[in-house]
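Asks: So the chains spell out like this:
2 protein chains.
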Amino acid sequence: MAVYTHLTAGEIAQFIARFDVGALRSAKGIAEGVSNSNWLIETERDGAAHRFILTVFEARTDAADLPFFLSLLDHLASKGQPVPRTIHTRDDANMTLVRGKPAALIEFLPGVSIDDPDEAQAHAVGVALADLHLATRDFTQTRQTSLGIPTCVGMVRDHAERLGEVDPALPDILPDCGASLLESWPEGLPGGTIHADLFPDNVLFVGEQVTGLIDFYFACTGLLAFDLAVTHAAWSFTATGNDFRPSIGRALLAGYESRRPLTQEERQALPILAQGACLRFVATRVEDWFATPADGLVRRKNPMQFAQRLAFYRDRGEAAFQS
Amino acid sequence: MAVYTHLTAGEIAQFIARFDVGALRSAKGIAEGVSNSNWLIETERDGAAHRFILTVFEARTDAADLPFFLSLLDHLASKGQPVPRTIHTRDDANMTLVRGKPAALIEFLPGVSIDDPDEAQAHAVGVALADLHLATRDFTQTRQTSLGIPTCVGMVRDHAERLGEVDPALPDILPDCGASLLESWPEGLPGGTIHADLFPDNVLFVGEQVTGLIDFYFACTGLLAFDLAVTHAAWSFTATGNDFRPSIGRALLAGYESRRPLTQEERQALPILAQGACLRFVATRVEDWFATPADGLVRRKNPMQFAQRLAFYRDRGEAAFQS
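Line by line, the protein sequences give chains H and D. Take the first sequence: its letter number 20 is residue 20 in my numbering, and every next letter is one higher. Convert by adding 323 to the 1-based position in the second sequence; the result is the number in my numbering.
No lab work stands behind these hints: they were computed from the structure. Only a predicted model underlies this, so the values are computations on that prediction, with no experimental measurement involved. A hint or two may mislead.
[As the list claims (entries may be wrong)] Once the Cα atoms are required to be at most 30 Å apart in a straight line, the calculated DSSO-like pairs of lysine-lysine come out as: (1) K79/H / K301/H; (2) K301/H / K624/D; (3) K424/D / K301/H; (4) K101/H / K624/D; (5) K624/D / K424/D.
Make a model of the complete structure from these sequences and hints.
Replies: This is the structure in structure tokens:
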């Protein structure tokens, strides 16, 4: 949640000149995304204002993955999904370099992120996620996640001796660093292109309508029901107190199934998939916790939030996913 | 340079509803200002988009000073100066509370900040600063600065024993913590309302035209030539290398004097005023250096940048201010 790369007005103007989008009128560094640097750009052409997001991809995003991410946006946009389309340069490239770092100009979408969703909004998110899964059935590019469950177990295990420094309860929740999930991990479930990070931050609303799904920089090829489990774990708990909100979880599932009914196997797997989803966020947060320089610009997120949700799904997941 | 207060979309929508500005369409936390939290807001009314800056004033800004700052904006805007006007609530207040903190909605101005000004831009800044001084001659409110030179000397002195921790050269530049400036500080120069912080960050340009003067939250009643000295110290050195740029300094002065010629006494005082201006930024940066928690969101600015400029003005200030 910070601007990492500092660009001068001149550098931004030079970047914008590569696109047929008019003259630069404003550029504001925005506190959006934790991995990249973002600016809200305004240009003027023929007397009309146009807005874009300029993203400079920092080290955490592998440049080799960008063609996948950006092609996915264009694929979804062409199918009418509420995602920002990429703006192509005058040479028809959807990616270019700034200060030697990959950068892209993408469409600005209206809408605000919801911290405290109501049932209608949770239902709308479920619908949007299922539509995303359906709209990518003919998207042929693939990307393997770098955050598979075995990797996440290893990430937690790397800090096994120090988990208690984060919180005394953390080693009790994850005595095996999550390894038991590997034994019960489902096989043979339907796969496809998944967002894999559909937190409230990454969904824009105007009222009850989803106007934008953003930040596809963890998107990959994976289990569709895992994406639903990630979204369930990200949306269905109170921001303060971390309490499960059954009505929100139900609305999310109902919205999803209104477009893409789950198979019997997917539904049965949801409790274990949700635990895996939580482990994925525990793992990166544990790693960040010990890796973030104490004077860093990034505020560390506490791994306990998703460790507690993991414990919830382990203890009460079956009930949570009953219709 | 960070969002300090986290507001939910619901809180922002409730805030916006106090104003007759249409419905909330977008809110992005922006990395602007070091002391307050800012959002770029977009609303829609009658099919047209409108943009504003929402500022939540954090502890560093004294709430008792806000009526001065906000009235000053309205005074300057009414005189056609390029400053954002404040938006008044339906109850005609230019200030309201969010989460118990004072907050204001102000006009969004187009333009970008220049890191590396050319002579025409430096001239334009000089013109804009003089126009600001002329336009406030009939502004009757006053505010005493909390960062007068005696205070700044005291702030540096509070850390006298530890200045060498910042940089071994710092105690050599300021052996007396700046106290000698008090002996030669000029008296009887023309006073008025000054911006007191007109850094490149706080001036918006479209091309060579100044489209916005922003961030008036250090504005106060003071010496007009001190404001010019602050601006000179902030604009006339290279960002990398910290080298004096004579042509930029000359253009700034020429622009200023094209609207408000300096008196003989003011011109003679510029070298000492410029040293005082530098001391003011050394003082706050020294204080921040030792006060900023190591895990803070704020990147500390190195006091050495302005210590070196202070030394420059002490050694070569007379030559620097010759026409």
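Asks: To test your reading of the hints: which numbers does this structure violate?
Replies: As far as the earlier hints go, only 1 is violated by this structure.
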